[in-house]
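Please construct the entire structure, taking both the sequences and the accompanying hints into account.
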Amino acid sequence: MRISSKERTFYMYLLWTVLSLLFVGFLYKLVFPHGFSLHRGMVKIFLYFPTEDLSSYKKEIRWVRFRNDPQDLAKLVLEELAKGPKNARLSPVLPVGTKINGVYIASDGTAYADFSEEFIKNHPGGSAAERITVEAVFIALKVNVPKVKRVKFLVNGKEIKELRGHLDMTLPFSFRLKSLLK
Amino acid sequence: MMAFLLASAEYLSASSIASALGGEFDYSPYQGRGRIVFDEGAFYFQSPGRAYVLVLEDTTRAGFSDRIIRLFRGIPYLPVELVEAVFPSRFLKKISSLKPVVLKAEPKSEKIEPGDYKVVVIDPGHGGKDPGALGPRGLKEKDVVLAIAKKLKKELESRGFVVYLTRDSDYYIPLEKRSEFANRKKAGIFISIHANASFKKKTKGVEVYYLSLEATDSEARAVAAMENGLIDFGEGRRQIKIEEEGYLPLILGDMAQTEYVEESIVLAERVLKSLSRTTRARARFIKGARFVVLEHAMMPAVLVETGYITNPVEAQKLADEEYQWKVARGIADGVVKFVKEMVEKR
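Protein chains in written order, with the working numbering: chain A, 1 to 182; chain B, 1 to 346.
Since the hints were derived computationally from the structure, they do not count as laboratory data. All C-beta atoms in this analysis are idealised placements derived from N, C-alpha and C, irrespective of residue type, glycine included. Watch out, some of these pointers could steer you wrong.
[Said to hold, decoys possible] Cross-link-like lysine-lysine pairs, in silico, BS3-like; alpha carbons within 30 Å at most:
| id | chain 1 | residue 1 | chain 2 | residue 2 |
| --- | --- | --- | --- | --- |
| 1 | B | K337 | B | K150 |
| 2 | A | K86 | B | K202 |
| 3 | B | K287 | A | K158 |
| 4 | B | K154 | A | K161 |
| 5 | B | K340 | A | K59 |
| 6 | B | K201 | A | K99 |
| 7 | A | K121 | B | K140 |
| 8 | B | K345 | B | K118 |
| 9 | A | K59 | B | K202 |
| 10 | B | K151 | A | K182 |
| 11 | A | K58 | B | K202 |
| 12 | A | K58 | A | K147 |
| 13 | B | K118 | A | K121 |
| 14 | A | K99 | B | K140 |
| 15 | A | K161 | B | K129 |
| 16 | B | K345 | A | K83 |
| 17 | A | K58 | B | K185 |
| 18 | B | K186 | A | K121 |
| 19 | A | K161 | B | K340 |
| 20 | B | K129 | A | K58 |
| 21 | A | K99 | A | K147 |
| 22 | B | K337 | B | K151 |
| 23 | A | K158 | B | K129 |
| 24 | B | K202 | A | K99 |
| 25 | B | K345 | B | K154 |
| 26 | B | K202 | A | K178 |
| 27 | A | K6 | A | K44 |
| 28 | B | K201 | A | K86 |
| 29 | A | K147 | B | K177 |
| 30 | B | K118 | A | K158 |
| 31 | B | K118 | B | K185 |
[What the hints assert, rightly or not] Some residues of chain B that are not near chain A, with every Cβ distance over 12 Å (derived):
| id | residue |
| --- | --- |
| 32 | F38 |
| 33 | L211 |
| 34 | E295 |
| 35 | Y308 |
| 36 | Q316 |
| 37 | E341 |
[Stated by the list, open to error] With beta-carbon atoms standing in for the labels, derived distance ranges:
| id | chain 1 | residue 1 | chain 2 | residue 2 | range |
| --- | --- | --- | --- | --- | --- |
| 38 | A | K99 | B | S169 | 33 to 43 Å |
| 39 | B | D320 | A | D53 | 18 to 28 Å |
| 40 | B | D58 | A | N87 | 25 to 35 Å |
Shown next as structure tokens:
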């Protein structure tokens, strides 16, 4: 049987295409060894924002990049918390522009959450807003980072005595989750 | 001296213990706190009060004395039982040469005359460099609360109270100084006046707060001691260093209000109720939290959030003179109700 040169070119292209597809498949397997889905490599976290009358907390689910280190995870959790609620009827808990410098978790379970100066500068003040801020940060860390037992607040790496003239910020905060999320 | 013959309890003066241990003794009457600092550690205490912390190189002991650590002629006296229970025997040997003083036993139930609540200190929140929370059209919490506090002073004076304001114009006072002022005036009641803030405009209503000791479990106290530089966690082993300056503001400061928390809760309830009655504002709740301004108060003490300045409707009301009188009347009604109840109880 004779194969015309046209046919030969065709088969060559076919072979080349098949090989390329195989190669792409190989690369895909290399990059995504477990296949691909929307939340691959992501981890689900739970954030709690207060209702508008600040009477109770409602849950929101977020996906963040998986972090093996609890401290990195804690930072991501607070960054999501700082973005505020998706539901417009819930209240934000961190002041506008607050950045998270980092979270350090000591071996005794105390999380040192370090915020930028906006944490104080842009805070509305008032006993209620201060309480909500402190509680919501505690809840977010406690719920998502199992190691955390209590939270101590820092601003630019330094201890703070007060937030806006109400709560004593010198001690770490610890609450019973049940009493906050009833 | 005859009175002492009737007495039942033995005490050692803090100054004599200090000299027996070769250390130094120090007492702040306005804060009601004292300390004995010696070579191997320090003993911090509340007087008059029950709270104490002993910090030694190898251990820290905190707790409450069964008998009150008394104040007699300006000098704190520690119950002998307390000293024997707390100090390790090597210290007791040095102290054993001291002769205990016998002070008259504490009355079984502390009898309080109506006059004990006669002096009220009102603290208008914030002031000066600290505007407090901000409302619409440049409304500032510091101005609103000062106006309310002045009206409350008049209301209470007309009902027979002696009233002092921590500030009577626009200047800043550090938080601890405000309750120290009340201690110095020997006030029977301390009321800090505030206006609330929320992240959302819709939040509204009145709230009354008291000092809560929620986070002062033993673990938190140990952390507190660490935080204050009292206990330094070395690798695996606890090392202790004694702060040169200052008392234990956080540990003992919390406790200054401890003895009055139950009364403070009753006061908070009465004030919330009457305040929402005169203003028709929504009574949200009474709640305990760690307020700096209440921590050092040695009397029933509450913080009144008279309304949300971040809520446009409530802000307008708070700026209104007539409404401010309603707030003042409401708080005064609550105070009167509280005092009547307390006096009847005794």
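Verification of the supplied hints:
1. B:K337 - B:K150: 20 Å, holds
2. A:K86 - B:K202: 17 Å, holds
3. B:K287 - A:K158: Between K287 of chain B and K158 of chain A the Cα gap is close to 29 Å, so the pair holds against 30 Å.
4. B:K154 - A:K161: 34 Å, violated
5. B:K340 - A:K59: Violated, because 45 Å separates the two Cα atoms, which is more than 30 Å.
6. B:K201 - A:K99: Holds - the C-alpha atoms of K99 of chain A and K201 of chain B are around 23 Å apart, at most 30 Å.
7. A:K121 - B:K140: 16 Å, holds
8. B:K345 - B:K118: Given pair K345 of chain B, K118 of chain B holds - Cα atoms ~17 Å apart, limit 30 Å.
9. A:K59 - B:K202: 20 Å, holds
10. B:K151 - A:K182: Distance ~39 Å between K151 of chain B and K182 of chain A Cα, so the pair is violated.
11. A:K58 - B:K202: 17 Å, holds
12. A:K58 - A:K147: 23 Å, holds
13. B:K118 - A:K121: Roughly 40 Å separates the two Cα atoms, so the pair is violated.
14. A:K99 - B:K140: Satisfied, since the Cα-Cα distance of roughly 27 Å is no more than 30 Å.
15. A:K161 - B:K129: Answer holds: K161 of chain A to K129 of chain B is near 17 Å, not above 30 Å.
16. B:K345 - A:K83: 52 Å, violated
17. A:K58 - B:K185: 45 Å, violated
18. B:K186 - A:K121: Between K186 of chain B and K121 of chain A the Cα gap is close to 36 Å, so the pair fails against 30 Å, i.e. violated.
19. A:K161 - B:K340: Not satisfied, since the Cα-Cα distance of roughly 37 Å exceeds 30 Å.
20. B:K129 - A:K58: 36 Å, violated
21. A:K99 - A:K147: It holds: about 22 Å lies between the C-alpha atoms, which stays within 30 Å.
22. B:K337 - B:K151: 18 Å, holds
23. A:K158 - B:K129: Holds: K158 of chain A and K129 of chain B sit about 22 Å apart, inside 30 Å.
24. B:K202 - A:K99: 26 Å, holds
25. B:K345 - B:K154: Holds, because 27 Å separates the two Cα atoms, which is no more than 30 Å.
26. B:K202 - A:K178: 26 Å, holds
27. A:K6 - A:K44: Not satisfied, since the Cα-Cα distance of roughly 56 Å exceeds 30 Å.
28. B:K201 - A:K86: 17 Å, holds
29. A:K147 - B:K177: 38 Å, violated
30. B:K118 - A:K158: At roughly 42 Å apart (the allowed maximum being 30 Å), K158 of chain A and K118 of chain B break the hint.
31. B:K118 - B:K185: 11 Å, holds
32. F38: 26 Å, holds
33. L211: 9 Å, violated
34. E295: Non-interface label on E295 of chain B violated, nearest chain A Cβ at 6 Å vs cutoff 12 Å.
35. Y308: Label violated. Min Cβ-Cβ 7 Å, cutoff 12 Å.
36. Q316: Consistent with the label, Q316 of chain B stays out of reach of chain A, its closest Cβ about 17 Å off (over 12 Å).
37. E341: 25 Å, holds
38. A:K99 - B:S169: 33 to 43 Å: Given about 38 Å between the Cβ atoms, the range holds.
39. B:D320 - A:D53: 18 to 28 Å: Because 23 Å falls inside the window, the suggested range holds.
40. B:D58 - A:N87: 25 to 35 Å: For D58 of chain B and N87 of chain A the Cβ distance comes to about 53 Å; the hint is violated.
In this structure, the hints that do not hold are numbers 4, 5, 10, 13, 16, 17, 18, 19, 20, 27, 29, 30, 33, 34, 35 and 40, in rising order.
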